[in-house]
Each structure stands twice: as structure tokens, then as C-alpha cells.
Amino acid sequence: MSGEGEVPQAIRKLAPGKLVIASHNEGKVREIRALLAPFGVEPVSAASLDLPEPDETGTTFVANAELKALQAADLSGLPALADDSGLCVEALGGEPGIFSARWAGPSKDFGLAMALVEKNIAEKGPDVPRDAHFVCALALAWPDGHVEWFEGRVDGTLVWPPRGGNGFGYDAMFLPNGHEQTFGEMAPEAKHAMSHRADAFGQLVAAVF
Numbered sequence: 001m002s003g004e005g006e007v008p009q010a011i012r013k014l015a016p017g018k019l020v021i022a023s024h025n026e027g028k029v030r031e032i033r034a035l036l037a038p039f040g041v042e043p044v045s046a047a048s049l050d051l052p053e054p055d056e057t058g059t060t061f062v063a064n065a066e067l068k069a070l071q072a073a074d075l076s077g078l079p080a081l082a083d084d085s086g087l088c089v090e091a092l093g094g095e096p097g098i099f100s101a102r103w104a105g106p107s108k109d110f111g112l113a114m115a116l117v118e119k120n121i122a123e124k125g126p127d128v129p130r131d132a133h134f135v136c137a138l139a140l141a142w143p144d145g146h147v148e149w150f151e152g153r154v155d156g157t158l159v160w161p162p163r164g165g166n167g168f169g170y171d172a173m174f175l176p177n178g179h180e181q182t183f184g185e186m187a188p189e190a191k192h193a194m195s196h197r198a199d200a201f202g203q204l205v206a207a208v209f
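Residues 1 to 209 in the working numbering are what the sequence shown lists, from first letter to last.
It should be emphasised that the hints constitute simulated quantities derived from the structure, not laboratory data. Predicted model only: the values in this text are computed from it and were never measured. You may find that some hints are simply not true.
Label-pair restraints from in silico Cβ distances [as the list claims (entries may be wrong)]:
{"hint": "1", "residue 1": "Gly-145", "residue 2": "Ser-107", "range": "18 to 24 Å"}
{"hint": "2", "residue 1": "Thr-59", "residue 2": "Lys-119", "range": "23 to 29 Å"}
{"hint": "3", "residue 1": "Pro-161", "residue 2": "Ala-15", "range": "29 to 35 Å"}
{"hint": "4", "residue 1": "Gly-145", "residue 2": "Glu-53", "range": "16 to 22 Å"}
{"hint": "5", "residue 1": "His-179", "residue 2": "Gly-202", "range": "29 to 35 Å"}
{"hint": "6", "residue 1": "Ala-15", "residue 2": "Gly-164", "range": "25 to 31 Å"}
{"hint": "7", "residue 1": "Leu-49", "residue 2": "Val-128", "range": "20 to 26 Å"}
{"hint": "8", "residue 1": "His-179", "residue 2": "Gly-77", "range": "27 to 33 Å"}
{"hint": "9", "residue 1": "Glu-42", "residue 2": "Gln-181", "range": "28 to 34 Å"}
{"hint": "10", "residue 1": "Thr-157", "residue 2": "Ala-15", "range": "39 to 45 Å"}
{"hint": "11", "residue 1": "Gly-164", "residue 2": "Asp-144", "range": "39 to 45 Å"}
{"hint": "12", "residue 1": "Pro-188", "residue 2": "Leu-112", "range": "42 to 48 Å"}
We put the CB at the ideal spot given by N, CA and C, even for glycine.
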């Protein structure tokens, strides 16, 4: 298992074959498929297997990724990879954090979620810093209960109004440090090269392939 800044030391390698992507978020599934494409695995989504979405009862990104991966591996009999990720806003004490998806409501309306983030920042005053970071925790689980996990991060600031129609979630309001385009304005390959998910995947690839 590995965390940010550590050299990944996987106990178990991932063999070629089917791998369940334990997510019902098509944006995440699409990004994960692209990142896995070079490694000889055959991604299948949890939705395509009619696997249920578990209640995310963990108190950290890693805990939620682990419970999703373990359930998918147990129900499918295949290795499963789960992602739990979110936006952490410094001025909001790290919120929405692990509740990032829930801020979008039952309809998964991230326009609403971004507006809620902006409203909460504005209530702090006009000069409040707009620093934020994305976190991505990946958990890779096998049917026997073994889990490897990896955590990535990317830092930036928040812009308003949102910019760009690419990506998903909060991408259109997140401007990564050192860049002039939001994740919503970047081409997918540019985001994949430096995102929180790419950071976690780099660790996973080094460890398990």
C-alpha cells in the first residue's frame, strides 16, 4: 500500500484480464479506461455488471475507495478498482471533501455543486483565499479480500464563473497551479498528464503492473 510521496511497494501484482471499475460515474469510468488502456487489462464497469452502489460510510477517501472495491470484487469474483475522489477547499475547512458527489444532490447536478461551493466561499468575505486541491484515492481489491491503495493530489485555485465543457464534476472551476486553463478547458490528454487521478495511477502502475 502507498500514500502520496511514497514509493509504491505492492504486495501483489495485477495479472492481465478483466478488471471491474467499481464506479457508476461514467466520467470516472471513461478516464480510468483511458489510463488503463496500455496495460493489457479489460475494464468492465460496475454498472454493466448490475453491481449495486454501496453506501460510502468511510470517513476518508481511502476508506471509501476500499469499501467500493471490496464489494465489487466480492460480488463479481474479479479484481476490482475503485476511485474515491473529491475537491477540498481550504477556506471551507476541506469541504466538500469526501462529500463532493453528495453536494451535487440526487440528480448529480455539478453545476449546482459548483454554485454551492462558490456561495460558501463568498460568505467568508471578498478576500478569502481560493486555494483548493483535488484528492484521488485508488483501491485495488481481489475477491479474497486483499487490497492495495494509492493516493494522489493536485493543487490549484478556484475560478468563477466555471470555464470549459470538458471533464466532469468540479473540473470547470479548478485551475491547477502553474496553468492558465481549468480542468474543464483542458484537452483530456493534458488533464490525464497531471491530474490527481493521474498521480494515483502513476503510483498504481509502478506498483502492480
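The hints, checked one at a time:
For Gly-145 and Ser-107, the hinted distance range of 18 to 24 Å is not satisfied, since their beta carbons lie about 35 Å from each other. Distance hint for Thr-59 and Lys-119: a CB-CB separation of about 25 Å, consistent with the stated range 23 to 29 Å. Checked against the hint of 29 to 35 Å, the C-beta distance between Pro-161 and Ala-15 comes to roughly 46 Å, which is inconsistent with it. The hinted window of 16 to 22 Å between Gly-145 and Glu-53 holds, with their beta carbons roughly 20 Å apart.
With their beta carbons about 18 Å apart, His-179 and Gly-202 fall outside the hinted range of 29 to 35 Å. A hinted range of 25 to 31 Å is violated for the C-beta pair Ala-15 and Gly-164, which are about 38 Å apart. Judged by the Cβ atoms, the range 20 to 26 Å given for Leu-49 and Val-128 is violated: they are separated by roughly 44 Å. Remark: the range hint 27 to 33 Å for His-179 to Gly-77 is contradicted by a beta-carbon distance near 42 Å.
Checked against the given bound of 28 to 34 Å, the beta carbons of Glu-42 and Gln-181, roughly 33 Å apart, stay inside it. Remark: the range hint 39 to 45 Å for Thr-157 to Ala-15 is upheld by a beta-carbon distance near 41 Å. Between Gly-164 and Asp-144 the beta carbon distance is about 43 Å. The supplied range of 39 to 45 Å therefore holds. In this structure the hint that Pro-188 and Leu-112 lie 42 to 48 Å apart at CB is violated, the actual value being about 24 Å.
Hint compliance for this structure: hints 1, 3, 5, 6, 7, 8, 12 are broken, all remaining hints hold.
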